[in-house]
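Peer 1: These are the residues of each chain, in order.
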Amino acid sequence: MDASPQTGRSLVSTPASPERRTDPDEVVELFRRLPDAAARDELTRRFLPFAEYLARRFTGRGEAQEDLEQVASLGLVLAIDRFDVERGVAFSTYAAATIIGELKRHFRDKGWAIRVPRLVQEHSLDVGKAAQALWQELGRSPTIPELARRTGLSEEEVLEAIDASQAYRASSIDAPLGEDGGSHADMMGGLDEALEMSPEWATVSDAVKQLPVRERTIVFLRFFRGLTQTEIAEEVGISQMHVSRLLAQTLRQLRGDIGGPAAGAGPGEAPASG
Amino acid sequence: MIESLDPVVVTVPAGPGFVHVLRTVVASVAARLDFAIDGVEEMRIAIDEAAALLLHLHAPATMLRAEITADPSALTIRLSSDAALTEWPPAGTEDAWPWRVISGLCDQAGFDVSTTGPQVWMRRRRPDARS
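Heads up: the protein sequence lines correspond to chains A and B, in order. Take the first sequence: its position 266, counting from 1, is numbered 266 in this note's numbering, and each next residue is one higher. Heads up, this note's numbering is the position in the second sequence plus 1000, with the first residue counted as 1.
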């Protein structure tokens, strides 16, 4: 008998497919024991790698892997809750549909890259590459007309592409894998000490202080040291486009966190010196 | 290369969903003034921050108006709303985070009162203006 008798479609016939390691009869037996907590735990344990596998199929679309895995495991929990053994469908089939549904809904709700039309996504990549190349040739950030000439796009298309690229989590495009665990975190140690020493930095709200190290460093260099994006790019060792994206995303996030200007001041805010 | 620019004026309903229209217009004008991509992006952010300041006032506004001008040395954006003026800017605004961002992104920025209501103005030097 085939390893996945009821789920021969490519959707779930994967190396990670739970049928390979889980006897369907055992799964049915576990479902019959619900709402027993131990049975539920066992089902979750067995199918979690499957959920994570499905989450991985959505990587590279602008969402952090751990977020996707969380959404997928939520989908798994929902699937376990809703599954009806009497329907005669393999649980993995049902779970895959539920989990993929949750993942797609997550992208829809978040309005991330998936909503950016494919053509604009391609333009974004082209513009990103052209910006990097021109930056090296010119020794400065290129202008929009320069990018338009290089990519063959219109100026409006270039503007749209840059705007759209902000919709991606920067991590999905050119961040080193493993967000803050990469090599840049090491060199930022010294900058972190500089932050501690800055009297102005002491006046910012906790929302700013609690940013991840890379975002915090970029914000500090831009707004407390007055460096340009290009200078920050050199300092931090990432591209100017990447600095731009991180800056835009971080500030947008802070606006959301802070709400309004009235709440912008941290609890212990002192008047800025100078 | 555009030397100077008669005002480009855009008025949108006062809602977060329409700030994007202002951002787009400002980005487009900045591009025509030969701002580099980081400059264009930062003016977009500055618009977001300034619009947030105006939209978070206690007095509600029904519209946001951006007036964009340029001379050979700088791009100037005046963003105003029609909110009833009570206290402008609200106490503490200049010490708070959004203002640090705006003043960091622009060479000069300030508060004013326009014919319609509260106004934030922002000025950023043009890339080839060496002064």
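Bear in mind the hints are in silico, worked out from the structure with no lab data behind them. It cannot be assumed that every hint is accurate.
[Unchecked claim] Okay, the calculated beta carbon distance ranges per label pair:
id : chain 1 : residue 1 : chain 2 : residue 2 : range
1  : B       : GLY1017   : A       : ALA64     : 48 to 58 Å
2  : A       : GLU155    : B       : PRO1007   : 14 to 24 Å
3  : A       : VAL85     : B       : GLY1017   : 13 to 23 Å
4  : A       : GLU66     : B       : SER1073   : 29 to 39 Å
5  : A       : ASP206    : B       : SER1114   : 33 to 43 Å
6  : A       : SER154    : B       : ASP1095   : 37 to 47 Å
7  : B       : VAL1008   : A       : THR44     : 33 to 43 Å
8  : A       : VAL85     : B       : GLY1015   : 43 to 53 Å
9  : A       : ARG225    : B       : ASP1112   : 49 to 59 Å
10 : B       : VAL1008   : A       : PRO145    : 13 to 23 Å
[Stated by the list, open to error] Counterexamples of contact, computed for chain B against chain A with all Cβ distances above 12 Å:
id : residue
11 : THR1024
12 : ALA1031
13 : LEU1105
[Stated by the list, open to error] One side only, chain B facing chain A, incomplete, derived with CB under 10 Å:
id : residue
14 : ASP1006
15 : GLY1017
16 : VAL1021
17 : ILE1045
18 : THR1062
19 : ARG1078
Please read these numbers as outputs of a predicted model, since none were measured by experiment. Quick reminder that beta carbons are idealized off the backbone N, C-alpha and C, glycines included.
Peer 1: All hints are to be evaluated individually against the structure, with a verdict given for each.
Peer 2: Quick rundown of the hints versus the structure:
Range check, B:GLY1017 to A:ALA64: about 26 Å between beta-carbon atoms, so the 48 to 58 Å window is missed. Judged by the Cβ atoms, the range 14 to 24 Å given for A:GLU155 and B:PRO1007 holds: they are separated by roughly 21 Å. Between A:VAL85 and B:GLY1017, the C-beta spacing of about 46 Å breaks the proposed range 13 to 23 Å. Checked against the given bound of 29 to 39 Å, the beta carbons of A:GLU66 and B:SER1073, roughly 48 Å apart, lie outside it.
Checked against the hint of 33 to 43 Å, the pair A:ASP206 and B:SER1114 passes, with Cβ atoms roughly 35 Å apart. Range check, A:SER154 to B:ASP1095: about 43 Å between beta-carbon atoms, so the 37 to 47 Å window is met. Between B:VAL1008 and A:THR44 the CB atoms are about 57 Å apart, so this pair departs from the stated range of 33 to 43 Å. Hint check: A:VAL85 to B:GLY1015, Cβ distance near 49 Å, so the stated range 43 to 53 Å holds.
At about 28 Å, the CB distance of A:ARG225 to B:ASP1112 disagrees with the hint of 49 to 59 Å. A hinted range of 13 to 23 Å for the beta carbons of B:VAL1008 and A:PRO145 is consistent with their spacing of about 18 Å. Distance check on B:THR1024: its Cβ comes as close as 7 Å (rounded) to a Cβ of chain A, failing to clear the 12 Å threshold; non-interface status is violated. With a least beta-carbon separation of about 4 Å from chain A, B:ALA1031 fails to lie farther than 12 Å from that chain, contradicting its non-interface assignment.
For B:LEU1105, the non-interface assignment is contradicted: its Cβ lies about 8 Å from the closest Cβ of chain A, within the 12 Å cut-off. Hint status for B:ASP1006 relative to chain A: violated, with the closest Cβ pair at about 20 Å, above 10 Å. The interface hint given for B:GLY1017 is violated, since its Cβ lies 12 Å from the closest Cβ of chain A, which is over the 10 Å cut-off. Proximity of B:VAL1021 to chain A is violated relative to the hint, the smallest CB-CB distance being about 12 Å (cut-off 10 Å).
Because the closest C-beta pair between B:ILE1045 and chain A is about 6 Å apart, less than 10 Å, the hint holds. Interface hint at B:THR1062: violated, since its Cβ lies 18 Å from the closest Cβ of chain A, which is beyond the 10 Å cut-off. Proximity of B:ARG1078 to chain A is violated relative to the hint, the smallest CB-CB distance being about 18 Å (cut-off 10 Å).
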